[in-house]
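Novice: With chain A's structure known, arrange chain B on it following the hints.
Just so you know, the protein sequences line up as chains A and B, in that order.
Under this note's numbering, think of the first position of the first sequence as 103, with each following residue one higher.
Under this note's numbering, think of the first position of the second sequence as 4, with each following residue one higher.
Rather than coming from a laboratory, the hints here were simulated on the basis of the structure.
Wrong hints could be hidden among the right ones.
Below 27 Å or equal to it, Euclidean Cα-Cα: the simulated DSSO-like pairs (lysine-lysine) are [said to hold, decoys possible]: (1) A/Lys-108 x B/Lys-6; (2) A/Lys-235 x B/Lys-6; (3) B/Lys-6 x A/Lys-182; (4) A/Lys-109 x B/Lys-6; (5) A/Lys-108 x A/Lys-235; (6) B/Lys-6 x A/Lys-181; (7) A/Lys-181 x A/Lys-108; (8) A/Lys-235 x A/Lys-181; (9) A/Lys-109 x A/Lys-182; (10) A/Lys-182 x A/Lys-108.
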Amino acid sequence: MRPSWKKIILHIFLPLVVGLIIYMIVRPDNWIVRQLFQAASHQKNIVTSSSPWYARWIAYSGSDFCWSYSFASALFFWKKADGSIQWWFVVMVVLLVVFFELVQLLFPTQFTFDEVDLAAAFGAVILSWLLNKPHA
Amino acid sequence: MRKRYGAIIFMAIVLVYALLQIATSKRPCEADCQLLADIRDELVHTHNYDNILNIARCPYNTDTLCVYSNYRSGTNWAQIADTICAVAARHGISQAHVFILKTGDYPYDTLAKTHCP
Numbered sequence: 103m104r105p106s107w108k109k110i111i112l113h114i115f116l117p118l119v120v121g122l123i124i125y126m127i128v129r130p131d132n133w134i135v136r137q138l139f140q141a142a143s144h145q146k147n148i149v150t151s152s153s154p155w156y157a158r159w160i161a162y163s164g165s166d167f168c169w170s171y172s173f174a175s176a177l178f179f180w181k182k183a184d185g186s187i188q189w190w191f192v193v194m195v196v197l198l199v200v201f202f203e204l205v206q207l208l209f210p211t212q213f214t215f216d217e218v219d220l221a222a223a224f225g226a227v228i229l230s231w232l233l234n235k236p237h238a
Numbered sequence: 004m005r006k007r008y009g010a011i012i013f014m015a016i017v018l019v020y021a022l023l024q025i026a027t028s029k030r031p032c033e034a035d036c037q038l039l040a041d042i043r044d045e046l047v048h049t050h051n052y053d054n055i056l057n058i059a060r061c062p063y064n065t066d067t068l069c070v071y072s073n074y075r076s077g078t079n080w081a082q083i084a085d086t087i088c089a090v091a092a093r094h095g096i097s098q099a100h101v102f103i104l105k106t107g108d109y110p111y112d113t114l115a116k117t118h119c120p
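Just chain A, same shape as in the assembly (with noise of 0.2 Å):
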């Protein structure tokens, strides 16, 4: 079954687009900014660490929740227009979006690893999973 423009949109891009609006202006201070504006990476971080935990949840984990929804979303509208969506192809979803939270482990001296981060992505699937599911 061929997923609805509507729907792409809905649950692959606008995602996309919300976790680059949290990425790049609630916490300019990163790479991507610094290497497209640069008088833009002075600008002071909206969220610091003495900001509440929900404040500081959407900063630093906010984009990789909905960078996950967005690629759990994409994986389950190839997966439904080939077929339906099996149990099997739901664990593999999970485990990749696992993997690459757990392969920054690896590398300490270039990425953090987060376990809110490995929570939020865990979360980010199951949600896409129940509002994508056939029937949802």
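Specialist: What follows is chain B alone, placed relative to chain A:
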């Protein structure tokens, strides 16, 4: 043919996600590093000390804050050191030794030092 096309789409989705993860993963900065970054942020943006480049725990002495700064003549470094103490105290760091170091030449010149209350 259709299967191969499907496999390419699958690989493309995984590749885009992998690149996004690599490009946007948080760079290593533990809790203390983030705290020091917040202190620097406040000094630069609230107190306009934009010549402060970095704040870190000094090597071999974690009770001491090394504040790396560009030299600017006419700057009251002692006053900056006191402000650093006040901001650090607000972030929960008290009784630290503060060294403001001039960057550029090595070994660094000490522009000011103080012991925070």
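Novice: For each hint, tell me whether it holds in the structure or not.
Specialist: To see whether the hints hold, each was checked on the structure:
1. A/Lys-108 x B/Lys-6: holds (25 Å)
2. A/Lys-235 x B/Lys-6: At roughly 22 Å apart (the allowed maximum being 27 Å), B/Lys-6 and A/Lys-235 satisfy the hint.
3. B/Lys-6 x A/Lys-182: holds (14 Å)
4. A/Lys-109 x B/Lys-6: Distance ~23 Å between A/Lys-109 and B/Lys-6 Cα, so the pair holds.
5. A/Lys-108 x A/Lys-235: The given pair, whose Cα atoms are some 16 Å apart, holds under the 27 Å limit.
6. B/Lys-6 x A/Lys-181: holds (12 Å)
7. A/Lys-181 x A/Lys-108: Measuring from Cα to Cα gives roughly 18 Å; hence the hint holds.
8. A/Lys-235 x A/Lys-181: holds (11 Å)
9. A/Lys-109 x A/Lys-182: holds (13 Å)
10. A/Lys-182 x A/Lys-108: holds (16 Å)
Hint compliance for this structure: every hint is met.
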